Every structure is written in structure tokens, then in C-alpha cells.
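K.L.:
Listed below, chain by chain, are the residues.
Protein chains: 2
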Amino acid sequence: MRLVLDAMGGDHAPAAAVEGGVLFAREHPEHEVVLVGDSLRVRTHLPRTGAPGNLHLHHASQVVEMDDSPSAFRRKKDSSLQVGFELVRAGEASALVSAGNSGAVMAGALLVLGRLPGVDRPAIATLFPALRGGGRCLLLDAGANVDCKPVHLAQFAVLGEAYVRARLGISRPRIAVLSNGEEPSKGTVLTREASALLRRSDLAFSGYVEGKDIFSGEVDVVVTDGFTGNIVLKASEGAAMGVAGLLRSAIEKRGGLPEKLGALLLQPTLAGLKRVVDYAEYGGAPLLGIQGVGIVAHGRSSPRAIQSALGAALQMAQAGLQTELTRCIERARAWLPARQRGKRATQGTLSD
Amino acid sequence: MRLVLDAMGGDHAPAAAVEGGVLFAREHPEHEVVLVGDSLRVRTHLPRTGAPGNLHLHHASQVVEMDDSPSAFRRKKDSSLQVGFELVRAGEASALVSAGNSGAVMAGALLVLGRLPGVDRPAIATLFPALRGGGRCLLLDAGANVDCKPVHLAQFAVLGEAYVRARLGISRPRIAVLSNGEEPSKGTVLTREASALLRRSDLAFSGYVEGKDIFSGEVDVVVTDGFTGNIVLKASEGAAMGVAGLLRSAIEKRGGLPEKLGALLLQPTLAGLKRVVDYAEYGGAPLLGIQGVGIVAHGRSSPRAIQSALGAALQMAQAGLQTELTRCIERARAWLPARQRGKRATQGTLSD
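Order-wise, the sequence lines are chains A and B.
With the UniProt record's numbering, the residue at position 332 of the first sequence is 332, and numbering never jumps.
With the UniProt record's numbering, the residue at position 109 of the second sequence is 109, and numbering never jumps.
The hints are simulated quantities; they were obtained by calculation from the structure and are not laboratory data.
Note that the structure is a prediction, hence the values are computed from the model and not measured.
One or more hints might be untrue.
Covered by chain B, according to a simulated footprint, are these stretches of chain A (three or more residues, beta-carbon under 8 Å) [unchecked claim]:
(1) 140-148
(2) 174-183
(3) 199-212
(4) 233-240
(5) 257-266
The beta carbon of each residue, even a glycine, is placed where N, CA and C say it ideally should be.
Here chain A stands alone, though its shape is the one from the complex (with noise of 0.2 Å):
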């Protein structure tokens, strides 16, 4: 397989770009990764005593920079993002990791390789760690979409859903609608009307859970509009890394020599956890909806962050992902509604 790894973006390119890339690249000899990007700065990245052969470097001029807005995308048409999706279009790329500026990785998904038939909104789909009793859970949207529709949450649904059992390989997941309570009368227009959508569904749905239960093992998949599921995730994220540094600095703080003794034996445990606890970081964020693989990697992506989203782009080419999802999109036709244009009954819905 030959995968497409935007070199210039992310908060550190392209020296952490080109390093992931590397490191994959050594890893997978039997897959093939091309850089695009500028290739003279690409270049001085590159290790001295060579460069795999299986990475190759692709030129573009241009960069979406991470404060650009998305419709930046459409203005440079020669940034490494633009460039990289058009190889993938033309098959000649099975996949495209970046982590660059997230609104326009979406917006090229969106422009460039185009919706799933039967898909009105592309998600960005997080796989959180199992914290608490095991098992991982999907939370999606975590930031494409603010305003959405239940229709919208619904095929999110279907997506997440897919997703789950081709990637973890369970055979139903369990679905649920974020909400501030799991009474069905909790909840804002929206989630209600989602569940609704969803009750009358084939899949396993659950109702409503809280926010604590993409933490509890007790569902699989969160359904979310993108404003909320990107201010959990963020969150969510800022408390575990919170813990994590607290412990950090309570243990140099007291100082004690027992308490150094006891943070150098804790130490492979201490960091097995960082490892869980940056899940931010990890495994880059599948788009969901589009046609062909696209991930969105965190845009403070270390070397090994970017290796990890290789990984997981690798995973979702090689598992014929699109067919699967395309598959369940046709089949929820059977209960899901044609797309709602004229229904404005969500949030942040005027500002379309």
C-alpha cells in the first residue's frame, strides 16, 4: 500500500513529519509512504545516512497553515494537503495522514475525494482510551460539524458504528447520544430527536449516556454534534494530562528520597500511563463519510504520533473500510430519512 503523509502539517512540521514518516517507513518495508510537501525543507529532515526507499518525496509549494481558515484550501492550490488528496483521487495513494489544520484537512476531504452516497456530514471520529472498566468507546463528531441536524447524529450512528466492528472487532456495538442526563427527557431538541431517529434503527442504541460514560466501557459509540464533541474531547483530554502532571510534579515537589525511590520504581508503570493518557496524541482521528481514507492526526504530533497514524490509515486501507461503510449507509436508508434540508431544529442552526 502507498500512503500520503502531509509533510508540512502539525505544530511541529515538518521535522516531526518527516521523522513519523521515517520511523514508519523502517517499520513497513513492505508499504510505501510519500512526503509532500516543500521539498527543500522536507529535505534537511531527512536522516543523514539516507532515507528508507520506501519513502518518497512528493513537491508542493504551498501550506495550509494551522491558523488559516479552511477555505484556505481552496485558495492554495498547491499546498502539500491539496496535493496529497489529489493522489489519493487518482488511486495513486490508498491513504492521506495529516496533522495540519484540521477545518481544512475536512475541507479537501470534502472538495477533493468527496461525501460516502447517502453521507450529508463527514465526522471526526475519536477512539478514547478504555479508562475506566475496560473497553474503548468512538465518540464522533469531535469537531467537523457545529451545527447539525438529528439526521446528521443518526448517520453518525451508522458510521461509528462500522467503524467499531471493523476496527475492534466487536459484532454489535453498542450506541449511544451524549446528553446531560440519561433520562429520555433530558437533553436539548436535537439529542431528542436523534434518539428518536435511533430507536426506530436496527443498531444496538441505548439512549441516552452522560459524560462519564465514554469512560465506563458501557457503550461503544458517542453520537455528538461537533461543537460538544470537541469540547469534550479537549476537555477531557486537558484533565487526564492535568492528573498525570499533578502526579508528575507532587512526587518532585515533596522530593523526599522516598518519594523518588518510589517514582524510579513506578517508572515503566508511569509511563505505560502517559502512553493512555496522551490518547489525543495516539492514533490520529479517522474522517468518516468520505471517499477514501483520510486521517486527522493532533496538531502537536510527536515523530511517533505520526507513525501511529500511518498505522491506523494502514489498518482502515488494508480492512476495506469504505465498502463496509457504504454497505450500512444503503442499509439505513430502511429507517433513516432522506436528508433534511429545510428542518432547522438544532443548535447554532441560524448560522447556516
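Fit chain B to the known structure of chain A by using the hints.
P.N.:
The following block gives chain B in isolation, referenced to the frame of chain A:
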């Protein structure tokens, strides 16, 4: 001062409430606690050695259960909540603390005590711990009002600012609106219109912050609607507790001698951490904007958490915070538009 404690509220009521009341009464012999609830059931949980002299019992025959709808407050005329709030209204107590049904506590506060002049919607305010970068952060609304209008978020900012100034001694608290990105183009109609109002205010308004900034120490007050606020509160609680739990189980699972010794040496550090991480449980969340002092404690409150919530109630009542809140809301009329009953611009508003 005399404080009312709802003896029947909470997952572990009346045991945890009574025990917490006893702890507080012993800690503060100069103040009084009135336990309101079923006197027969309450009595069985009083210490055999005799209750402290400053702990009183006030009978109420009914209970608003945790899974009752908030409207149960109206129906149950002799509930511990109703009787407790009546004591505060009659001036026989200065504050009420309850770990019971938070919707019913809010309903009771509104119906019995009423709102401060100029406040349309009282909010539940939750003080988050300093997990990163130092400094604590007040989030409101944490769940009282699912459907908010821009003017409500602006009122939350005024209330939160005055509370943080009084409680944390910060002379000029920094205020922000919670959003899915820092750029002014992000957010929903609700967040954009609330920001426009706050930019016209005399508060130290910082614009948008993301979910992680609740823990970053960059701002002191974060306002949001009660739907988002409740989800964020519970998700970050789940993440923080999850990380702490993961650490525990990692130590137990590896279970070698080095890990056991390490854990033993770090015991005091880990215990201190637990107290901070358990932020949702400790301290209680004040209802800001009501005519009196009302504190919502976490449903699963332990006796120590109840004691801590009574401490917060005492501090609020002593600080004469109501006068300060009234003054601030009055002053804000210079830039705050009057009640926007007719305007429907926010999430979930169609359910009004």
C-alpha cells in the same frame, strides 16, 4: 450562623448526610446545623455517644428522590428540601446544602427563595481544581439551564466574576466563553452573540477558550450553557478519575515487588492526588443568582464531602456574597440588555 442540611438528599442518604453534619458541627462549635428529614431515620444514624449540641433535628415527612423529576418539588409539600428552603426564607437559617436531586434543588431555590433582581436564570457554578499551570477555574452553568440565550451567558459571567472575586480573592477575574476553538469565527450563534455582549462589558473578557483551558489556569471564569457544561463536567471527571484508577490498577496488575514498594513510598502523594482529582465531589457547587445561599453537593457525597460543602455554605453566607452579586448585576445593566423573552437564537430553544 445556622445552616440547613438536607438529610435525605444523596445516594448515601441519610447516613452520609448525617455523618457529614456531625463532622461539621464538631469542627465548628460556634455555628449550628439543622438536619432536615425523617426524624426516625435520621436518628438511627446519629452517633451513639450523643450528637453535638449544635446539631439540631427538624422533621420533614417526605423525600424528593434522586430519580424524581424536578417538578416533584411542587408535589411534595413536606419534603426535606421544601421544609429546608422554607427555613432559609423565614430567616431561621442562612444557607441550605443538599446532595439530592439537583434539578429539584434548583426548582426549590427558584420557587421558595426566588431570583436576585436582574437575574433571569440562576446557574450551578462548579469550581475546577488547578490541574495544570496553577489557578482554579469556575465553570457555569454546570447543568441547571439546558436552553440558554446570549443574555443568560452574560449574566452567568457577571455572577461568576463576583463569586470568584469574593471566594478566591482574585481582584479582576478573567472571563471566557467555552467554544470549539479560540478564533472568533468558531462557536455557535449562542457563543458568538454572548461574546459580542461581553465585549461591550466592563469585565476582563478574554474571548473564547477551548475545553482544555478549564484546567490551564489562563482564565478564572468560563461560561457555557447547562447542556455543554454538564457534559464537560462529567466527562472531565470521568477522565481524571479514570487516569487515577488506571494508575492504581497498573500498580496492582504489574504487582511485582518494585511496584508494590514504589506505591507504598508514594502513598501520601497518591492520597493527596485523590483529593484533588475528586473535585466533583468536594466543595459543592453554589447556585448563583438566587435570593439566598444554596449549595448542590455531589450525589455520591461522602460524609467528608458533605462537611466540605457545609464549609463552602458557611463561607458564602459569611462573605455576604448576595449583596455583592446584587450590586454587580445592578451595575451590569449599563451594558446588559433587558430580558430577551422573544428572541430565540440558541441551541435547543425550540423546546422552550
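K.L.:
Against this structure, judge whether each hint is valid.
P.N.:
Structure-based check of each hint:
1. 140-148: holds (count 3)
2. 174-183: As far as the segment 174-183 of chain A goes, the hint holds, because 5 residues have Cβ atoms under 8 Å from chain B.
3. 199-212: holds (count 3)
4. 233-240: It holds: at least three residues are needed, and the segment 233-240 of chain A offers 8 whose Cβ sits within less than 8 Å of chain B.
5. 257-266: holds (count 8)
Going through the hint list in order, the structure satisfies each hint without exception.
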